[in-house]
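Protein chains: 2
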Amino acid sequence: MPYDLLKLNIQKNIQISEKDLDTISSYFKPHLIKKKDFLLTQGSIYKFEGFVLEGCFRVFTIDKKGNENTLYFAAKDWWLMDIDSFMNQTPSNLNIQALEDSKILLINRADKLALYESVPIVEKLFRVMSQKALVAWQRRLIRNHCETAKERYHYFATTYPNIASKLTDKQIASYLGITHEFLSKIKKQS
Amino acid sequence: MPYDLLKLNIQKNIQISEKDLDTISSYFKPHLIKKKDFLLTQGSIYKFEGFVLEGCFRVFTIDKKGNENTLYFAAKDWWLMDIDSFMNQTPSNLNIQALEDSKILLINRADKLALYESVPIVEKLFRVMSQKALVAWQRRLIRNHCETAKERYHYFATTYPNIASKLTDKQIASYLGITHEFLSKIKKQS
DNA sequence: GAAAATAGTTGAACAAGTTCAACTTGATGA
DNA sequence: TCATCAAGTTGAACTTGTTCAACTATTTTC
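Chains as they are written, first to last, in the numbering used here: chain C, 1 to 190; chain B, 1 to 190.
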């Protein structure tokens, strides 16, 4: 039954037949990733797309100054992808690391392209998912512009309590775009 | 020939037949928008998607403190949409204003939904467009985290010189997420 | 179970960016 | 063409967040 979670997730995005759901599921293969192992490292080409069944991942870049910058965390029921690298087959700017022992469903690039062909509704699925993600990213940027670090921290901690509880303050700080020293001071204040 | 630009734009995203291009184009209607007029205001529901043929638009929100926050500018050859409001038929958080007299192709919501049905490749078109946009938003957030306002200003001014030249400093500042006073000081330094 | 590495705390000095207010310049419109 | 209104400039005081360094607490690892 590892595919139940995937199927439910898909149904949250589009209306789809059981048959199509089964076909889509059959393309995804379960994998176990150990804590601290990398699914992707900066410079390599991302050849998979993933759906998290258990555990938690962190997606981040390292800039010129050596600072880690977390794009997002992916826990159970979240998707993992480096769209840029996957679409264009260019070296990735991202690192994807398991924060704990994790279980994930993966589809490789050739199979994904085949899936778009054989199950046309998959285009719609990823269109809808991408558009929802786009809205979320727009909102996050706005929050970055008009809220202080303290406000952003509390938003994150209350919106994603189950993810936040798995993370170190250093990881949270790299997601908020502040230093971990400053996060420590924020937490002391409140 | 107002549809040539639209067709070229679509061809940059996907491979598509002339027939499909013509069908898609037929759903879009040209409109003129006068300088300072609004295509959308916060609180109303967005019923159109647009493609800019001439002129320039600004997409922004106004937060609780009354500060304007610019999400993006859309000049010739750019798309204009409030995905959130359009998809879910919820009141929009965005304002879309013409910065100069502009010409735009619009498709209304019912026609857009019909278009997805009648020309299936439109799903792929918007899937690809959304994924590209997503990558751009992710990069912008990272830049906001690891670059100073000065670096972000120069990145914007050199990456989009033709858009930047149409804008007031106040509008640029609201895009960068800084005050216009500080932008003035940045420009003086360099 | 000891040693080593990593995470978190705190303080002082600093840099980046804001706020407010006063002023100058430029655009716009009756 | 004069008056008005919005855009841009500048300075001083202030707030937010950074840097670096020294320290403590907590995990990891052998």
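In short, the hints are calculated from the structure, not lab data. No residue lacks a Cβ here, since even glycine has one placed at the ideal position from N, Cα and C. Hints may be right or wrong, so weigh each one.
Pairs of lysine to aspartate or glutamate residues, derived as EDC-like cross-links and limited to a Cα-Cα distance of at most 16 Å, are as follows [what the hints assert, rightly or not]:
| hint | chain 1 | residue 1 | chain 2 | residue 2 |
| --- | --- | --- | --- | --- |
| 1 | B | K64 | C | D20 |
| 2 | C | K112 | C | D101 |
| 3 | C | K124 | B | E147 |
| 4 | C | K65 | B | D77 |
| 5 | B | K65 | C | E151 |
Computed footprint of chain C on chain B; a stretch qualifies when at least three of its residues, placed anywhere within it, have a C-beta under 8 Å from a C-beta of chain C [stated by the list, open to error]:
| hint | stretch |
| --- | --- |
| 6 | 18–32 |
| 7 | 51–65 |
| 8 | 97–111 |
| 9 | 135–141 |
| 10 | 160–167 |
Label-pair ranges, simulated between beta-carbon atoms [stated by the list, open to error]:
| hint | chain 1 | residue 1 | chain 2 | residue 2 | range |
| --- | --- | --- | --- | --- | --- |
| 11 | B | S44 | C | K19 | 18 to 28 Å |
| 12 | C | D4 | B | N9 | 49 to 59 Å |
| 13 | C | E181 | B | P161 | 35 to 45 Å |
| 14 | B | K185 | C | F182 | 17 to 27 Å |
Provide an ascending list of the numbers of those earlier hints which the structure does not satisfy. Failing hints, ascending: 1, 2, 3, 4, 6, 8, 10, 11, 12.
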